[in-house]
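J.: Chain G is already provided as a structure; the job is to place chain Y on it using the hints.
Residue numbers (full-length UniProt numbering), protein chains in the order written: chain G, 1 to 292; chain Y, 1 to 134.
Treat the hints with care, since some could be wrong.
Output of the computed footprint for chain Y on chain G, the stretches with three or more beta carbons under 8 Å from beta carbons of chain Y [claimed, not checked]: (1) 190-204; (2) 226-235.
Capping the alpha-carbon separation at 25 Å, the derived lysine to any residue pairs in SDA-like fashion look like this [claimed, not checked]: (3) Lys2(Y) <-> Arg33(G); (4) Lys34(Y) <-> Ile214(G); (5) Lys97(Y) <-> Gln159(G); (6) Lys54(Y) <-> Arg209(G); (7) Lys34(Y) <-> Tyr200(G); (8) Lys34(Y) <-> Ser213(G); (9) Lys223(G) <-> Gly126(Y); (10) Lys122(G) <-> Gly266(G); (11) Lys54(Y) <-> Arg211(G); (12) Lys34(Y) <-> Leu201(G); (13) Lys34(Y) <-> Asp215(G); (14) Lys26(Y) <-> Thr210(G); (15) Lys97(Y) <-> Leu201(G); (16) Lys34(Y) <-> Pro233(G); (17) Lys97(Y) <-> Thr81(Y); (18) Lys100(Y) <-> Arg211(G); (19) Lys100(Y) <-> Val25(G); (20) Lys26(Y) <-> Ile214(G); (21) Lys222(G) <-> Gly110(Y); (22) Lys100(Y) <-> Leu154(G); (23) Lys100(Y) <-> Asp196(G); (24) Lys97(Y) <-> Asp196(G); (25) Lys97(Y) <-> Gly23(G); (26) Lys222(G) <-> Lys20(Y); (27) Lys54(Y) <-> Leu101(Y); (28) Lys222(G) <-> Asp127(Y); (29) Lys100(Y) <-> Lys122(G); (30) Lys223(G) <-> Leu120(Y).
Derived by calculation from the structure, the hints in this document are not laboratory data. Note that the Cβ used here is the ideal one computed from N, Cα and C, for glycine as well.
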Amino acid sequence: MHSRLFHLHTLSALHCGTGQSVGVVDLPIARARATQLPIVPGSSLRGVLRQEIGARDADLERALFGPRTVKDNAGSFAGALAVGDAHLLAMPVRALAGILCYVTAPFILRRYARDLADVGLKTPEIPSPANREHALVPTDSVNLLDTTLVLEDLDLGAQRNARTQEWAMTIAALIHPNDATGQRDFIERFAILPDDILGYLSETATELRTRISIDQDTGTVKKGALWFEEHLPAESVLWGLYALSDSNEPNQKRTAHELAQALPSGSALLQLGGQAGVGRGLVRLLTQEVAA
Amino acid sequence: MKMRAHQVATAAYACVEARKDEPNKKKYGAIAHKLPGMILQNGLAQATGFLLAKGAGAPEHLMLLDDLKEVLRAGGTLTVTSGEALHREIIGADLAKTLKLTRAALEASGWIKRYVQGVLRVTATGDTSNGEEN
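Next comes chain Y alone, as it looks inside the complex:
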């Protein structure tokens, strides 16, 4: 049996590593840094709705929403197959499910953020790091 945190981390690692050669990986990294704070400050529905809305003109937002969906699937939280379906699931959730989804999304986004720092070497301001910054 594998620990849930390891399943989530494995999926987050794979998602972030797959963004290594994306031309907009710095923008992806900068928004990934902000996602956990965005969920805490605005709520999960607002945060995923924001990614969906911004995605039309800035595809890194949709990339991140898709990766969030993928990590949540790997953690066994839900089984949706697209970022948009994830958002629909969130806004349709009752109170108990909202609490569960929020905790899972915070965990997933925390792992994505960590691998953005460790694998993509992108900092919160969208700069590339040499590994010395936090």
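Excised from the complex, chain G in its bound form:
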């Protein structure tokens, strides 16, 4: 099995939830247990991909995801596609200069670099901010006010840094492969923050929407119907790995390479997660081109 890389770029707020919570927000987004960093579970992505591919090619769907219904053991086989969770790579945060800043941290970049190495991509060395109140920005950054990066209510000392510029260019090339303007926009607004600050922002700078439900008879809010939903903001960037094996379908064997060729490549528009009816969950799924 050979790992392949994918990125998700959210075009609208994204709510991949975990159901009702007993915590701070009524409907929180999914997070990794150990890090509390936002994730999009592989199962969410897999379901949407199945729907998308199944609408165009039922045979390919069977090979990739297995049969939809299993009547007996003889008709059962495993799908050839394994989709991993998508992890937060860069999150847009309100900035005093430049409107917003795509923030990440050395902790995230180390894991990202490891996964990129697995698929044969080289990455720059990871720079670390000088201290816990210090950020690194690309040489072309538009987020600096003199030497300060103001994010939400946080004033961080910041330094222009060539390695950070290289990282911004590396990520921008992967998420905006044919869009020079998109790349420039990302590079100018990128920053590497200390791990602690990124962790704090990933919990407090996600988007909260207050929802209500109207009683149709009275035109007023239904009793108790006021709740908070959490979303990953639009313009968030996530990454993950997927893998293809040779198909397990009896009598219709296809190699992993053949299946990879049949998958949509480049950029695909998908709707992920909940609240689709109120405009949430529009994402770009970016997969690497497969060499012929």
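T.: Chain Y in isolation, oriented as in the chain G frame:
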């Protein structure tokens, strides 16, 4: 040894239960529901400043600020003795302390909100629930 979450929960339970017979317990409950979201959306200083400002005309805001202070004390986050002192502590905090206070306040306000639902039976809109709503 007791888990920190249990210490915080015990204090939140006691604070909310003590509001059971307050005439404005519904208003207290409605604002308690909003507090965690208020902290997340506006920041801790803004949220506690709002409670302090509104408290002059609507005492349930000060009641909630006082309960937040009490729960934070029980969790060992700080040792202040009034809601106003809590707000002063927050606006005087450096970056590292702000991160810590925010996380602790989110945890404390989450527990207060939960007990408002479970003990006072007040919903987010300030209505009383029969226990069937969320």
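J.: It remains to establish, for every hint, whether it holds in the given structure.
T.: Hints, one by one, checked against the model:
{"no.": "1", "hint": "190-204", "in the structure": "holds (count 5)"}
{"no.": "2", "hint": "226-235", "in the structure": "holds (count 3)"}
{"no.": "3", "hint": "Lys2(Y) <-> Arg33(G)", "in the structure": "holds, 22 Å"}
{"no.": "4", "hint": "Lys34(Y) <-> Ile214(G)", "in the structure": "holds, 19 Å"}
{"no.": "5", "hint": "Lys97(Y) <-> Gln159(G)", "in the structure": "holds, 23 Å"}
{"no.": "6", "hint": "Lys54(Y) <-> Arg209(G)", "in the structure": "holds, 23 Å"}
{"no.": "7", "hint": "Lys34(Y) <-> Tyr200(G)", "in the structure": "holds, 20 Å"}
{"no.": "8", "hint": "Lys34(Y) <-> Ser213(G)", "in the structure": "holds, 16 Å"}
{"no.": "9", "hint": "Lys223(G) <-> Gly126(Y)", "in the structure": "holds, 9 Å"}
{"no.": "10", "hint": "Lys122(G) <-> Gly266(G)", "in the structure": "holds, 20 Å"}
{"no.": "11", "hint": "Lys54(Y) <-> Arg211(G)", "in the structure": "holds, 24 Å"}
{"no.": "12", "hint": "Lys34(Y) <-> Leu201(G)", "in the structure": "holds, 20 Å"}
{"no.": "13", "hint": "Lys34(Y) <-> Asp215(G)", "in the structure": "holds, 21 Å"}
{"no.": "14", "hint": "Lys26(Y) <-> Thr210(G)", "in the structure": "holds, 20 Å"}
{"no.": "15", "hint": "Lys97(Y) <-> Leu201(G)", "in the structure": "holds, 15 Å"}
{"no.": "16", "hint": "Lys34(Y) <-> Pro233(G)", "in the structure": "holds, 21 Å"}
{"no.": "17", "hint": "Lys97(Y) <-> Thr81(Y)", "in the structure": "holds, 18 Å"}
{"no.": "18", "hint": "Lys100(Y) <-> Arg211(G)", "in the structure": "violated, 29 Å"}
{"no.": "19", "hint": "Lys100(Y) <-> Val25(G)", "in the structure": "holds, 19 Å"}
{"no.": "20", "hint": "Lys26(Y) <-> Ile214(G)", "in the structure": "holds, 20 Å"}
{"no.": "21", "hint": "Lys222(G) <-> Gly110(Y)", "in the structure": "holds, 23 Å"}
{"no.": "22", "hint": "Lys100(Y) <-> Leu154(G)", "in the structure": "holds, 14 Å"}
{"no.": "23", "hint": "Lys100(Y) <-> Asp196(G)", "in the structure": "holds, 11 Å"}
{"no.": "24", "hint": "Lys97(Y) <-> Asp196(G)", "in the structure": "holds, 12 Å"}
{"no.": "25", "hint": "Lys97(Y) <-> Gly23(G)", "in the structure": "holds, 22 Å"}
{"no.": "26", "hint": "Lys222(G) <-> Lys20(Y)", "in the structure": "holds, 24 Å"}
{"no.": "27", "hint": "Lys54(Y) <-> Leu101(Y)", "in the structure": "holds, 22 Å"}
{"no.": "28", "hint": "Lys222(G) <-> Asp127(Y)", "in the structure": "holds, 10 Å"}
{"no.": "29", "hint": "Lys100(Y) <-> Lys122(G)", "in the structure": "violated, 37 Å"}
{"no.": "30", "hint": "Lys223(G) <-> Leu120(Y)", "in the structure": "holds, 16 Å"}
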